[in-house]
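Colleague: Here are the chains, one letter per residue:
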Amino acid sequence: GPSDTGDADTGDVDSDRPEIAFVSNGIADFWLIAKRGVEQAGEDLEVDVSFHTPQDTVVHQQQILKDLVTRGVDGISVSPIDPVNQAELLNEIASHTRLITNDSDAPDSNRILFVGIDNYKAGRMCGELVVEALPDGGKVMIFVGRMEQDNARGRRQGLIDELLGREYNPKNFDSPGQVLEGNGYTILGTLTDQFDFPKAKANVEDTLSRHPDIDGLIGLFAYNPPMILEALEQAGKLGAVKVIAFDEDFKTLEGIKQGTVHGTVVQDPYQYGYLSVELLKAIFAGDSSVVPENKYVEVPARHIRQDNVQPFWDDLKSKLGKTAEP
Amino acid sequence: MKKLLGIFGIFLFVFVLTALLSDRFLESYNLENLIRRTALLGILAVGVAFVIITGGIDLSIGSVVCLVGCGVPWLLVKQSCPLPWALALAVIVSLAVGLLHGLLIAKLKLQPFVVTLCGLLMYRGITRGFTGDQTQGFGTEYKGLRQLATAEVPLPFVEGFGIPAPCLFLIVVAVLASIFLNQTIYGRYLLAMGQNEEAARYSGIRTDRMVILAYVICSLTAGLGGILFALDVNSAQPGSFGNFYELHAIAAAVLGGCSLRGGSGTIMGVIFGAGLIQVLRNMITLVDFIPSHIEYAVIGAVILCGVMTDETVKRIVRRRLFSK
Amino acid sequence: MKKLLGIFGIFLFVFVLTALLSDRFLESYNLENLIRRTALLGILAVGVAFVIITGGIDLSIGSVVCLVGCGVPWLLVKQSCPLPWALALAVIVSLAVGLLHGLLIAKLKLQPFVVTLCGLLMYRGITRGFTGDQTQGFGTEYKGLRQLATAEVPLPFVEGFGIPAPCLFLIVVAVLASIFLNQTIYGRYLLAMGQNEEAARYSGIRTDRMVILAYVICSLTAGLGGILFALDVNSAQPGSFGNFYELHAIAAAVLGGCSLRGGSGTIMGVIFGAGLIQVLRNMITLVDFIPSHIEYAVIGAVILCGVMTDETVKRIVRRRLFSK
Amino acid sequence: MSDDDPRRPWLEVRGICKRFPGVTALDGVGMHVNRGEVVAVIGENGAGKSSLMKILAGVQPADSGQIFLEGRRCQLASVEQALRLGIALIHQELNLADNLEVGANIFLGREPRRFGLLIDKPRILRDSARYLARVGLKLPPTRLVGSLPIGRKQMVEIAKALSVDARILIMDEPTSSLSQREADQLFEVIRDLSAKGVSIVYISHRLGEVKELAHRVVVLRDGKKVGELRRDEINHENMVQLMVGRQVSQFYLHRPHEPGEVVLTADNLRTLAYPHRSCSFALRRGEIVGMFGLVGAGRTELLQTLFGVTPALGGSVWIDGRKTAVRSPIDAVLAGLALVPEDRKQQGLILDLTVRNNLSLTSLRRDQKMGFLNRARERELARDMVRLLKVKATGEGQVTRLLSGGNQQKIALGKWLSLHPRILLLDEPTRGIDVGAKTEIYSLMESLAEKGITVLFVSSEMEEILGMSDRVLVMHEGRIFGELPRAELSEQRVMRLATGQLPEAA
Ligand SMILES: Nc1ncnc2c1ncn2[C@@H]1O[C@H](COP(=O)(O)OP(=O)(O)OP(=O)(O)O)[C@@H](O)[C@H]1O
Ligand SMILES: Nc1ncnc2c1ncn2[C@@H]1O[C@H](COP(=O)(O)OP(=O)(O)OP(=O)(O)O)[C@@H](O)[C@H]1O
Ligand SMILES: [Mg+2]
Ligand SMILES: [Mg+2]
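Protein chains in written order, with this note's numbering: chain L, 21 to 346; chain Y, -11 to 312; chain R, -11 to 312; chain S, 4 to 509.
Looking at chain L on its own, in the form it has when it is part of the complex (with noise of 0.2 Å):
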């Protein structure tokens, strides 16, 4: 069996001070804040941070975590892709290191708690935004990276509920083929892309192809919107139909401000990443009042329109440091 290497110390030079893995869901500009924050949560608290980022998938995920069992790290913060079935996966990294999860949660694994906000909240209150962009309803596409991820699976179905008008129900799950109906609202359907950006701006093409008349666009990859807004630009109906977005790129950004975006929903990744750090830290060296009753720190996601995008951009460009530029 694993031999036990949790609790060694790392072998680093610096060994006193405890080393900690943030390990990411995929690749993404999201995860580049949070990897900021990481950064500055490791120069801030002295420890020694490393950030991982898996490209294949599960299995890949699952690859790293066990090479930083190998390696010996004080703490893991991960943001498992598949939580239900990756249980059992985390429970065996959790009894070698101190594990934390961010941005989704396992809540039937043994972590010791989860930094972030729930997708499903965050996609209702995507749905908050598309009502007041389009009160009277219509009809909007949904354009999403992979469906099969969790955070994906959990923005859609909050979206959906809330545009339907359903009880808050998590467990909830449309099948990505159907047309939904409801409450004004019609869901032609979920488009995705496999992180193809020219395959994700041609399904809004072919959208507006299929459905000239359609109303709202949502993004809910943070390269969705900017995908949107291109073919947008390009067919030249900028502003004619509405966009609403999800997480914070640049280009998102900058559309809220001309108002060629009605609004976007924010996590707060940077907080993931420094917050993963800063717990985790408490956590080695045993303080265990930082880990609440619920095991649950929220980070809220929040509203961002016109009213309140330059605040919100000066204060993410100012935490990016140099890397920020558009």
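Derived from the structure by calculation, the hints contain no laboratory data.
Note that beta-carbon positions come from the ideal geometry of N, C-alpha and C, so glycine has one too.
Heads up, a few of these hints could be off.
Just so you have them, the derived chain Y footprint on chain L, three or more residues with Cβ under 8 Å [said to hold, decoys possible]:
1) 43 to 54
2) 205 to 213
3) 226 to 240
4) 314 to 321
Chain L is fixed; fit chains Y, R and S with the ligands onto it per the hints.
Modeller: The following block gives chains Y, R and S with the ligands in isolation, referenced to the frame of chain L:
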């Protein structure tokens, strides 16, 4: 010409079918989109056709698209590099990549699959390295440059329809490639050595130079494709930009009549191959009753049925001819 | 044997280097992980080696891994299908897939690249279709079944180290494959027809049957690999599970000495090829000073340098031998 | 001739027809083979010999016609079935798997087995050694076939056919790349088989062999059987008369040439085949030099080294008095050399290109217009060459693969002739070429030499060597073992040198 019939038939069939199933398909906005996408993929496919004709393969195309597609906006925006320099650098890098592949394959006799697979891994890794995994784009600037990919050139007598700029690039690339392949001695050399490298060498052909040339052409078109893709979508994520494009490009070339054994292929066929793939992808979204998440199943099945029919028809025709 | 030396040398070099750079590398927990990953990739690679030996290629491996890897938990958990039925169905589907490829390639003479590329598209599309794009997994049940992938078989005299169960599968597969390839007439037929199909046909060998056999073997191991991968990570996402695995498997086979022209390859070499790839990936995370996002650049560069050195050494040795 | 029932032939075919697009390869051909009989089938290039044999061996089906085995009508649908019925074919072109050992190739498809599927390797080693000894090939059965020169491969093919223990053994030009000695060994085997009751169908363009071996000769012309010769009628004149339809007189029209200045000197040249031996010789302007040796003597390797295909291990080459580094064929071409290689299928031709494109491949560079093809010139050149060499094809646009073996050889030769090289290296130039065309090629060599072109030709055919050379270089195990001027040429002298014996004191 006869070789073209097969792919042209499949293309036509899918095209007409889609037009029948969706009344939106023939609208000029959609056709423009379709032509732009076909042109972008077609440029990659024409390049890889040269490599396939020599009997090789290039798996690094997607990563070169990523390297150049992320690299140019990175240079322009992040490094404030002047435009001519950035473009020159893109050309030089693509050239160097092709040269590296060609040299390793021709001189050191390494297998093309291995060399370009390492390329696939390396160039993406390098891009992720220098961009720090950050999405690259031209922001709101470089509108003029972006016209190269997004502009539409109006046609003299047609209202409301313009030829997308990438299509002009494709036309130039395709015409040059056709002339090169069919009218010059080097094209003949490529075809000859694709079929029997040894005999070509015995005939006094500098086969290693031809191999290098093919890989250089392929990387150059991949680089051009990379820039155009990036200009078109204005956003390139180093981890995923161009993923699987090599497969699409090779598929287009092979559908268009290039045999992976080497020695055969026509440029027109390759372009129809690219067109077929893009019409199929377009069809999925336009036709209501196809759920979009089974897109790949539909594309795969249509292509497979297409080549099966093509082959069966050819056999029947051949049998008829003989029995007469 | 001589062919094995190259890949073995590169493997050893990378292995020792990693051991020197990271003191954790040789810990039994890490070695167990490494062996398990090598075994999983190795099973796919041994299967595809058969296809490569006939001079073909199978691009559908990753999608078959996805189809079976998502299909089995879907059947068990979502459809409450009894275990034996689910496993039987997995075998039947893999077999049918291989048979389909083989028939189209051998009888209809379609290009292997096209057929299996369509497979790559179709099986993934189908999986996304029947799972509704939802992640599949065994949840917390099927602990017993999952032991097939996660158990460790203790060694008699070694403390704290067990052989991961997939390794036993690999050993069985590899031994069978070795015997098949080297000791049976069918293995010999495969080698002969991979080199010179005409010669094999003129010797009275039913070459089309051999082609079909090779593709069936490849799909069966891909199916087995799919189940084991799914059991190991307990989570399979239809859109991405198994993406690029065909490239990794083919790379392992080619590194291990299979030529894509057909006619050559050894099973041991293929396994070392798989091992090399996995050690490299392990190295990236274990060694501090390699930023993990340039992982692919490192892997690509190491492999390329490896094959370059191998080829150069071979040349020098050859020249030495002759000039004496 | 031992014959159980002379009235009932073992194999008989009637009215066989085979059409290909544009050609009728066989047009109602009938023939029979009796038990233990050696039947030679002869005819010009493209007469349909190989096509007929492929039908008999189940490689391709006939369009119409009947096949009878021991009087019973039968279908030959596949190679496997033909083998089961005891019919084996040695193809005109080599068909071996280069990645397998000699033994494995000999038993390919018919491996002795243990426990059903496992190959009985020891037995393969034992048995294949026996068959190798029978054809006189001293090789370990574990040697990889890919490492053998073409002559030896041909002998492996023969051993392979013998191992079938066939009742009818068809040999399509088995000796085309064998020298006299190996061929003699083969004749020994054929006579032995024939005595044991095995029937042999033998195809060759070397009429001397036919005269020596055949009990009966069947002659094909343009896909039709034009006649048969009984044992006592078999002679050179009759055969040629039937084949060509006219007398071919004056087979070798050799006129001695006045050799000019030295154009090429090889100085201690060492090749990969025999790294420890070196060759030195000189070629003069306008002479025809023959090069003789037994199979594997290293002639091919020497020509290839001269032409830059394989690197020289040592020594130097001087062309026109200048030391010239020939690193690749193009260097050689630019220095005025041309090589017609021995292996036309692998090295001489690109089989899937058209006749025209093959013929022009070498001269594209010369005729280019700033890199562009000169199609008019290409077409003209191909037409001339096809006419000159009397190539039988449906047109210059026909795919070369579809030509008969001999016609392919003509293309392999023609593509170099059009380039007007100054030094022509020919490796077995008349391999598989019929008598008529041979004469043409000889007279071509003559006229080239008269124009001052130097011809160095390798041949395993003694007659050709004796008839055509101004001078003969004899190789033995990688060395130029001796040189004979025309005046001193005789079969015995050449053979002595080739087998490594010093010439008897003058
Ligand atoms: N597969 C084919 N397709 C088209 N034509 C063919 C094919 N095979 C043979 N032929 C033609 O059939 C004719 C007879 O060819 P065949 O090979 O039988 O001649 P051959 O008598 O063996 O000549 P050679 O002495 O040169 O070997 C030739 O004109 C040849 O071009
Ligand atoms: N006794 C032998 N056993 C095996 N290989 C041999 C033997 N003698 C020579 N060879 C091989 O023969 C080759 C030289 O043959 P090459 O083809 O140059 O001769 P050649 O005189 O042209 O004969 P061929 O008529 O067969 O072409 C070398 O590769 C050499 O290793
Ligand atoms: Mg013939
Ligand atoms: Mg020779």
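Colleague: Give a verdict on every hint.
Modeller: For each hint, the structure was consulted:
no.: 1; hint: 43 to 54; result: holds (count 6)
no.: 2; hint: 205 to 213; result: holds (count 4)
no.: 3; hint: 226 to 240; result: holds (count 6)
no.: 4; hint: 314 to 321; result: violated (count 0)
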